[in-house]
Amino acid sequence: DTGVSQNPRHKITKRGQNVTFRCDPISEHNRLYWYRQTLGQGPEFLTYFQNEAQLEKSRLLSDRFSAERPKGSFSTLEIQRTEQGDSAMYLCASSGGQGYNEKLFFGSGTQLSVL
Amino acid sequence: GESVGLHLPTLSVQEGDNSIINCAYSNSASDYFIWYKQESGKGPQFIIDIRSNMDKRQGQRVTVLLNKTVKHLSLQIAATQPGDSAVYFCAEKRTGANNLFFGTGTRLTVIP
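Chains as they are written, first to last, in our numbering: chain A, 1 to 115; chain B, 116 to 227.
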């Protein structure tokens with residue numbers, strides 16, 4: 001499978017715990033995005049990397065959230081001191097190639113439940 | 116405020132009929148639009164895209180229409196099949212932005 005891969009698919013944690021998600025983008029894609037989606041809503045942008053550089057962060061990304069893409073390939077999203085309001089689907093997407101208009105290819109997401 | 120929104124949250128159609136899903140956007144600076152399909156438990160799947168210098172684009176069984184005058188986007192699905200049942204999102208890319216803005220979505224249910 002050469003699509004965007006996310007792990008784990010599901011994560012259940014207790015409030016206050018830290019969690020980390022991983023995203024492996026399509027191999028030749030240099031851009032990587034994290035989105036959050038709650039039930040019945042469209043995905044909301046969190047952050048964006050071009051290669052290893054984190055170029056944009058949404059105001060939704062509080063200081064408890066941190067994302068990295070150390071080698072410009074896979075990325076991790078960590079949430080510290082989780083809260084019940086963090087329960088959501090966390091989606092990763094990647095895109096690549098030249099030009100301004102780009103298609104984002106999404107993974108299947110990590111469903112986080114904070115108890 | 117600025118938003119990407121959908122006219123109808125749910126749509127039910129008979130198998131074999133054509134479906135039309137509508138989307139309104141309010142940011143005139145948007146120059147690229149995408150329709151995504153999302154099935155339960157999966158991430159959004161790209162369907163078709165259109166640039167703002169176009170009015171219409173066709174794919175396999177799908178057509179996207181863009182009316183910039185009224186800031187309206189629609190997705191037409193021909194001969195709707197049960198496998199088309201999903202939530203459909205329109206998304207816009209604003210000039211100078213690096214990310215997509217998504218609407219709330221329309222749930223399409225195909226009745227066999």
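These are computed hints drawn from the structure, not numbers from a lab.
Just so it is clear, the structure is predicted and the values come from calculations on it, not from any experiment.
Even for Gly, the Cβ is constructed at its ideal location relative to N, Cα and C.
Each hint should be verified, as a subset may be incorrect.
[Stated by the list, open to error] Computed footprint of chain B on chain A, listed as stretches where at least three residues anywhere in the stretch have a Cβ under 8 Å from a Cβ of chain B: (1) 10-18; (2) 104-110.
[Unchecked claim] Label-pair distances were calculated between CB atoms; the ranges are: (3) 198/B with 30/A: 31 to 37 Å; (4) 127/B with 63/A: 41 to 47 Å; (5) 170/B with 83/A: 28 to 34 Å; (6) 59/A with 160/B: 26 to 32 Å; (7) 18/A with 132/B: 48 to 54 Å; (8) 3/A with 224/B: 22 to 28 Å; (9) 125/B with 113/A: 23 to 29 Å.
[Said to hold, decoys possible] EDC-like, lysine to aspartate or glutamate: derived pairs with alpha carbons at most 20 Å apart: (10) 157/B with 52/A; (11) 171/B with 102/A; (12) 157/B with 83/A; (13) 103/A with 132/B; (14) 103/A with 146/B; (15) 103/A with 154/B.
Hints broken by the structure, by number, lowest first? 1, 5, 10, 12, 13
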